[in-house]
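There are 2 protein chains.
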Amino acid sequence: MSSTKPSPVSGFPELLPAERFVEQQVLDTLRGVFELHGFAPIETRAVEPMAQLLRKGEIDKEVYILRRLHAEAGESDETAPDTLGLHFDLTVPFARYVLENSGKLDFPFRRYQIQKVWRGERPQEGRYREFTQADIDVVAKDTLAFHYDVEVARVMAEALSALPLPALRLQINNRKLIEGFYTGLGAEDIPAVMRTIDKIDKVPPAMVHTMLVDEAGLKPGQADACLALADIRASDVSFVARVRALGVQHELLDQGLDELATVIAGCSALNSDRFTVEADLRIARGLDYYTGTVFETRMDGFESLGSICSGGRYDSLADDGRTTYPGVGISLGVTRLLTPLFARKKLTASRSVPSVVLVALADEDARENCTLIAQQLRSRGIATEVAPAPQKYGRQIRFAERRGIPYVWFPGGPSDGGSRNESDGAGGADAVKDIRSGDQQEADAASWMPPVADLRPQIVSEPSA
Amino acid sequence: MSSTKPSPVSGFPELLPAERFVEQQVLDTLRGVFELHGFAPIETRAVEPMAQLLRKGEIDKEVYILRRLHAEAGESDETAPDTLGLHFDLTVPFARYVLENSGKLDFPFRRYQIQKVWRGERPQEGRYREFTQADIDVVAKDTLAFHYDVEVARVMAEALSALPLPALRLQINNRKLIEGFYTGLGAEDIPAVMRTIDKIDKVPPAMVHTMLVDEAGLKPGQADACLALADIRASDVSFVARVRALGVQHELLDQGLDELATVIAGCSALNSDRFTVEADLRIARGLDYYTGTVFETRMDGFESLGSICSGGRYDSLADDGRTTYPGVGISLGVTRLLTPLFARKKLTASRSVPSVVLVALADEDARENCTLIAQQLRSRGIATEVAPAPQKYGRQIRFAERRGIPYVWFPGGPSDGGSRNESDGAGGADAVKDIRSGDQQEADAASWMPPVADLRPQIVSEPSA
Numbered sequence: 000m001s002s003t004k005p006s007p008v009s010g011f012p013e014l015l016p017a018e019r020f021v022e023q024q025v026l027d028t029l030r031g032v033f034e035l036h037g038f039a040p041i042e043t044r045a046v047e048p049m050a051q052l053l054r055k056g057e058i059d060k061e062v063y064i065l066r067r068l069h070a071e072a073g074e075s076d077e078t079a080p081d082t083l084g085l086h087f088d089l090t091v092p093f094a095r096y097v098l099e100n101s102g103k104l105d106f107p108f109r110r111y112q113i114q115k116v117w118r119g120e121r122p123q124e125g126r127y128r129e130f131t132q133a134d135i136d137v138v139a140k141d142t143l144a145f146h147y148d149v150e151v152a153r154v155m156a157e158a159l160s161a162l163p164l165p166a167l168r169l170q171i172n173n174r175k176l177i178e179g180f181y182t183g184l185g186a187e188d189i190p191a192v193m194r195t196i197d198k199i200d201k202v203p204p205a206m207v208h209t210m211l212v213d214e215a216g217l218k219p220g221q222a223d224a225c226l227a228l229a230d231i232r233a234s235d236v237s238f239v240a241r242v243r244a245l246g247v248q249h250e251l252l253d254q255g256l257d258e259l260a261t262v263i264a265g266c267s268a269l270n271s272d273r274f275t276v277e278a279d280l281r282i283a284r285g286l287d288y289y290t291g292t293v294f295e296t297r298m299d300g301f302e303s304l305g306s307i308c309s310g311g312r313y314d315s316l317a318d319d320g321r322t323t324y325p326g327v328g329i330s331l332g333v334t335r336l337l338t339p340l341f342a343r344k345k346l347t348a349s350r351s352v353p354s355v356v357l358v359a360l361a362d363e364d365a366r367e368n369c370t371l372i373a374q375q376l377r378s379r380g381i382a383t384e385v386a387p388a389p390q391k392y393g394r395q396i397r398f399a400e401r402r403g404i405p406y407v408w409f410p411g412g413p414s415d416g417g418s419r420n421e422s423d424g425a426g427g428a429d430a431v432k433d434i435r436s437g438d439q440q441e442a443d444a445a446s447w448m449p450p451v452a453d454l455r456p457q458i459v460s461e462p463s464a
Numbered sequence: 000m001s002s003t004k005p006s007p008v009s010g011f012p013e014l015l016p017a018e019r020f021v022e023q024q025v026l027d028t029l030r031g032v033f034e035l036h037g038f039a040p041i042e043t044r045a046v047e048p049m050a051q052l053l054r055k056g057e058i059d060k061e062v063y064i065l066r067r068l069h070a071e072a073g074e075s076d077e078t079a080p081d082t083l084g085l086h087f088d089l090t091v092p093f094a095r096y097v098l099e100n101s102g103k104l105d106f107p108f109r110r111y112q113i114q115k116v117w118r119g120e121r122p123q124e125g126r127y128r129e130f131t132q133a134d135i136d137v138v139a140k141d142t143l144a145f146h147y148d149v150e151v152a153r154v155m156a157e158a159l160s161a162l163p164l165p166a167l168r169l170q171i172n173n174r175k176l177i178e179g180f181y182t183g184l185g186a187e188d189i190p191a192v193m194r195t196i197d198k199i200d201k202v203p204p205a206m207v208h209t210m211l212v213d214e215a216g217l218k219p220g221q222a223d224a225c226l227a228l229a230d231i232r233a234s235d236v237s238f239v240a241r242v243r244a245l246g247v248q249h250e251l252l253d254q255g256l257d258e259l260a261t262v263i264a265g266c267s268a269l270n271s272d273r274f275t276v277e278a279d280l281r282i283a284r285g286l287d288y289y290t291g292t293v294f295e296t297r298m299d300g301f302e303s304l305g306s307i308c309s310g311g312r313y314d315s316l317a318d319d320g321r322t323t324y325p326g327v328g329i330s331l332g333v334t335r336l337l338t339p340l341f342a343r344k345k346l347t348a349s350r351s352v353p354s355v356v357l358v359a360l361a362d363e364d365a366r367e368n369c370t371l372i373a374q375q376l377r378s379r380g381i382a383t384e385v386a387p388a389p390q391k392y393g394r395q396i397r398f399a400e401r402r403g404i405p406y407v408w409f410p411g412g413p414s415d416g417g418s419r420n421e422s423d424g425a426g427g428a429d430a431v432k433d434i435r436s437g438d439q440q441e442a443d444a445a446s447w448m449p450p451v452a453d454l455r456p457q458i459v460s461e462p463s464a
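Protein sequences, first through last, are from chains A and B. Heads up: the first sequence begins at 0 in numbering that gives the first Met the number 0, then just goes up one per residue. Heads up: the second sequence begins at 0 in numbering that gives the first Met the number 0, then just goes up one per residue.
Derived by calculation from the structure, the hints in this document are not laboratory data. Incorrect hints may have been included.
Given that identical chains are not distinguished, each listed pair holds provided it fits within a single copy or across any two copies.
[As the list claims (entries may be wrong)] In silico DSS-like links for lysine-lysine, alpha-carbon gap of 30 Å or less:
1. K60 <-> K218
2. K345 <-> K103
3. K344 <-> K115
4. K60 <-> K198
5. K103 <-> K140
6. K60 <-> K115
7. K4 <-> K218
8. K201 <-> K4
9. K218 <-> K344
10. K4 <-> K60
11. K201 <-> K344
12. K60 <-> K345
13. K201 <-> K218
14. K4 <-> K344
15. K103 <-> K4
From a predicted model like this one, the values you see are computed outputs, not experimental measurements.
Here chain A stands alone, though its shape is the one from the complex (with noise of 0.2 Å):
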């Protein structure tokens, strides 16, 4: 069906079946971890409405349209509200999804959604055209109790602690506390300051000082106290009294900090030498909608990829104009996490076939006997496969190493003389081979078990340490 050689597309980042097989242990994880804790499965379709993902004019949304190639006059015209882009988060289309079946739903709904996204962008590093997020959301009917808050941190370190990754750190902040702390302190434009605020990582302190000054407004000592905050890290609640300590007063200010101490408080129990739950002040995911809690996560050794795990808190997720859904969520981007790892050989997977055993073939007509045993053996779950030809067993033996079968089945033994008698199983006891270690033993498709670990691929982390 094709000819001459195709090449990868920019963007569109594709896995070979052993890196696949890690994807895969990554999104069960997650979908197990979710499940635990009583988030039921949504999809929604890839498209919606240009209407719908360019809300509140983000017109600068890198958004990929569609256009039926036989589109009739007038149909897909780009300026149509109801021509059809693919979704580009699935925070846009968990909203409209909750709209449109509010009446066939339970309130508040916890649903995770693990699926492909697409955005126009620039390709990088970490930065892709075609991506995997898994997604967990609880959303309510006009209010939302802010244990949820502390929940979906929870949940989500939880599911992040399962996986095999580099040391991650956890950050959240809340909206309140930043806006009480500014408003506190006399500042006049919020969101300008926020806006600076959010640079803090790229710019050097004192340009920050000097931005917040000339153009967020602030006085100088008003601009040490804004840096001042953004300084503030800590895994416990120690993050109170160093605000405190800098003598602002708000209303919103007391209530955000009793807000974050409550999260903090709540991950507490899943810090580890792999994991750690921060308040970070300067976390403030300047041009998102949240009102409240806010979360990034970050990768040891991988910082550059920025925030690989990002949500919050939104008062009106979605509006029907009737009822608001308060929200809150996490996204974890999967495609950010793995493409690099794999790209830097820190993780791949034992082999690349699900299969534990083939079954040798000592000449064609041995084939209905061996799949005779390789239905014995699916039966009880593991997975195998028949040999593709009746070669020399030296040559079926090369073919399961390399890829990576682990063990070889011998019908009737493991003499290879290709004769009738000897090929049939008639020549004696079925044989099976570990052909990692040599170990060979006598074996029985109706009873013969492998190790658990050898039953499914297994992840290998750091395969070059």
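Model the placement of chain B on the given structure of chain A, informed by the hints.
Coordinates of chain B only, in the frame set by chain A:
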């Protein structure tokens, strides 16, 4: 983020959570069977260059073309070969993936691929613009042994048999058989005969006969023979004698009969009252480039959907100018299958959430204790959520009932006094209530287990019956 109630987009079906559970379990079953047979997972990007999608001049394909909202001048010209379109099947991308990665794959390469595809077709029942397919294929370099035709039929038959579906009929034919028959009969325009015979399900036999004579240039006796061939159907190899009785001789016919008999005999063990594998000599898959075995599948009571699972053998699935890659595969239309069953209420899940247990909350101060109980249950694989608010226990039970959560857990026993001493577990042993039966028993979160059947939402077939 959203306002005003949105409406569905025609051709892009979405599922409610209970239906998504069913779909997930179907996909898990397929993946499980495919992996047991040694098929490795791959995914390909959603897009291909238009030059790839419209090979062999198939410009009639209803492809969705992509354009970036902020495309630069000259980008995404629909006539440019590198303009991207959404893939409309998984065969074209797989062929491209094989060529692109030929140096990194081991052949024969067996893969499964479960993904969404998009077609700009006019939507109707069984025809969607976005739908999920599940494909298996085996591809080799230069030559691919015939036993793989038997194997892919068996693997897909085993997978289909494991699904909660109405009775299915896997219909198999062979292009060599019908081409050899038509040639041996003296037909000159073989494609015209095949295209006409392909209409046999939609047009009365007498009219097909007329068309065979008028349009395909056959003599009336030849047309009789073609119709007699198309009428042959058998779930065993008895079809061979019936074809022979028609008296046509051709080498290609012999080869096709032999191949089809081998596939039918190899699948005979899979016949059951819910699943039939049969030779059906009217199956031709007219427009596709198959060269031997061809597959179609019909679902009882849903014949109007057409074939829900189709495929066959290609002598050249892919070709890079130096190497030819023959393949054999079969593709299941998961959305085409499930969406009509959901619409006719033939299939649903026993609940809309994964949760097995709702931990009742006596007052807000008890939340931390309830969360610890929930974590104990989760650590043993029991999906659990804590009640959203400390309402009267009757209301909390109704909360569980509405979602289908089978058990409510009462920390410290079922009393609902609301006072601290009773609610925090100090009042007595915990109790768990099966809210379907009303049965209640003392329970310890460290050891209690529900029946296995309650651990995950169960598929409920034909709930309307």
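Which earlier hints can't be squared with this structure?
-> Per hint list: 1, 7, 8, 9, 12 violated.
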